[in-house]
Amino acid sequence: MPRGRLTPADVVRAGAELADEVGYQDLAMGALAQRLGVRTPSLYKHVDGLDDLRRRVATLAMTELGEAVRAAIQGKAGSDALGGFARAFAAYVTAHPGRYTATIGAEVTGPGDELYDASARVLESMAAILRGYGVEDGEMVHAQRTLRCLFHGFAALQAAGGFQWSGDADESFDWMIGFIDRGLTSEAAVQDLR
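When you line the sequence shown up against this note's numbering, it's residues 3 to 196, in that order.
No false leads were mixed into what you were given.
Now the in silico label distances, taken between C-beta atoms and shown as ranges:
hint: 1; residue 1: R184; residue 2: K47; range: 52 to 58 Å
hint: 2; residue 1: C151; residue 2: L52; range: 24 to 30 Å
hint: 3; residue 1: R7; residue 2: R147; range: 40 to 46 Å
hint: 4; residue 1: R150; residue 2: S188; range: 17 to 23 Å
hint: 5; residue 1: D139; residue 2: T42; range: 46 to 52 Å
hint: 6; residue 1: E23; residue 2: G140; range: 39 to 45 Å
Bear in mind the hints are in silico, worked out from the structure with no lab data behind them.
We put the beta carbon where it would ideally sit given N, CA and C, even for glycine.
Starting from the given sequences, assemble the full structure and let the hints guide the process.
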C-alpha cells in the first residue's frame, strides 16, 4: 500500500488482522509498520501509539460483532434468536481471536465513546433476545453477563483447541444453547406464576 494512501482506518484494520494472526498480546507497532511497508514513526500520523491502536481495534471488533449478531437474529425470536446470536458470537470469536481479545477489559467512558456505543449495540441485541424470554430490566445485566460468559468461554476454548476428547464440539454447543433456552423458558414460566 503506498504511503500517501494510508489512512487511520487502514492502520486499524491491518492492526486487527495482525492481532488475529499473532495474538493480541503480540500486537506491536514495529510489526504493524513492517506489514504496511512504512517506518514505525509514520504510524503515529494515524494512531497515538499502541494503546490507541488497541482501543481502535477493540472498537472495530465490537462494531463487527454487533453487525454479525444483529444480522443473525434479524426476524427471529426465542430459541432461534438465541441460537443465531450464540453461533454468530462464537463464529466471530473463533475467526477473529486477536481482535476479539482486544474487547476484553477495554475501558469505556460512556455514551458518545465509539467503543461504548459499539458495545451497547451488542448488548441491546442480547437484551432483545432476553426480553423475549421475559427477563426484566432489573435482571438484565445478570442475564447478559451469564450469556456472554457461556458463549465467550465455549468459543475461547474451541478456538484454543480445548475440546480434544471424543464427541463433536458443535453438538455440545447446540446442547448448550438448548440448555440455556430451557432454563430461560422455565424461569419465564416461574415469573408468570408470581
